[in-house]
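First residue of the sequence shown? That's 1 in full-length UniProt numbering, and the numbers climb one at a time after it.
One or more hints might be untrue.
Label-pair restraints from in silico Cβ distances [unchecked claim]: (1) His169 x Lys107: 18 to 28 Å; (2) Leu56 x Thr21: 45 to 55 Å; (3) Glu125 x Lys182: 47 to 57 Å; (4) Ile39 x Ile10: 21 to 31 Å; (5) Arg184 x Leu19: 49 to 59 Å; (6) Ser13 x His169: 45 to 55 Å; (7) Lys120 x Asp62: 28 to 38 Å; (8) Thr22 x Ile148: 20 to 30 Å; (9) Glu58 x Gly35: 33 to 43 Å; (10) Asp62 x Arg184: 17 to 27 Å; (11) Thr22 x Leu56: 46 to 56 Å; (12) Arg184 x Lys107: 30 to 40 Å.
Because the hints were derived from the structure by calculation, they are not lab data. These numbers were taken from a predicted model, which means no experiment stands behind them. Don't be surprised by glycine CBs; every beta carbon is placed ideally from N, CA and C.
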Amino acid sequence: MQNRDLLLTIFISIWLLALLTTGLLAYFYSKRIKGFKVINDKYLKEFEEAQKIFTLKEIDIDYELPKDQKCFYNKKLVSIFFKKNKIKDNQDKIKINDYKNYFLTNKLKKDLVNIYLTNKNLVIEFSENFLKVDIKEIESIVCYTFFIDSWKTGIELIIKNKRYLIDCHDFDLVLSYQTLIKERNNE
1 MQNRDLLLTI FISIWLLALL TTGLLAYFYS KRIKGFKVIN DKYLKEFEEA QKIFTLKEID
61 IDYELPKDQK CFYNKKLVSI FFKKNKIKDN QDKIKINDYK NYFLTNKLKK DLVNIYLTNK
121 NLVIEFSENF LKVDIKEIES IVCYTFFIDS WKTGIELIIK NKRYLIDCHD FDLVLSYQTL
181 IKERNNE
């Protein structure tokens, strides 16, 4: 009888300890994620309001564009976060859904860029070079809340299996892109 009572006491003690640990972890997680929920909900509500009143407007820029192109978005000196990945072979290829490889602060590079969106291309002008992409090749542009030292609201841009996080507090890039894609699909 004593062995059975001892085993039952040990089992209940381990179960209570596991329950207490799980409860504490859930409590700390809910405290941490609460800030995200508040910021993200506010940001998405602002996006929905901006979506209702947005109209696509042509913008004049310092550069001369080809005759068939018009600029619809221009933002200068915007913070952008991205990962410089060195892919050796297909086994080392970083998947887009592997968020740990993209969003750890020590693995991201920050740069100030100028962004231009025309009816045919998206141009990101880095300090050392530039990236010019046809808007058909853009996989995704969405409003996004991300954590780099603190919660930031901005835009997530995915091009050719590479993710860029743009720390920009306006929605015009996302809305301009969506409008241009709708117009292009209607043609």
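Outcome of the hint check:
{"no.": "1", "hint": "His169 x Lys107: 18 to 28 Å", "in the structure": "24 Å, holds"}
{"no.": "2", "hint": "Leu56 x Thr21: 45 to 55 Å", "in the structure": "53 Å, holds"}
{"no.": "3", "hint": "Glu125 x Lys182: 47 to 57 Å", "in the structure": "26 Å, violated"}
{"no.": "4", "hint": "Ile39 x Ile10: 21 to 31 Å", "in the structure": "45 Å, violated"}
{"no.": "5", "hint": "Arg184 x Leu19: 49 to 59 Å", "in the structure": "56 Å, holds"}
{"no.": "6", "hint": "Ser13 x His169: 45 to 55 Å", "in the structure": "52 Å, holds"}
{"no.": "7", "hint": "Lys120 x Asp62: 28 to 38 Å", "in the structure": "18 Å, violated"}
{"no.": "8", "hint": "Thr22 x Ile148: 20 to 30 Å", "in the structure": "29 Å, holds"}
{"no.": "9", "hint": "Glu58 x Gly35: 33 to 43 Å", "in the structure": "39 Å, holds"}
{"no.": "10", "hint": "Asp62 x Arg184: 17 to 27 Å", "in the structure": "26 Å, holds"}
{"no.": "11", "hint": "Thr22 x Leu56: 46 to 56 Å", "in the structure": "51 Å, holds"}
{"no.": "12", "hint": "Arg184 x Lys107: 30 to 40 Å", "in the structure": "35 Å, holds"}
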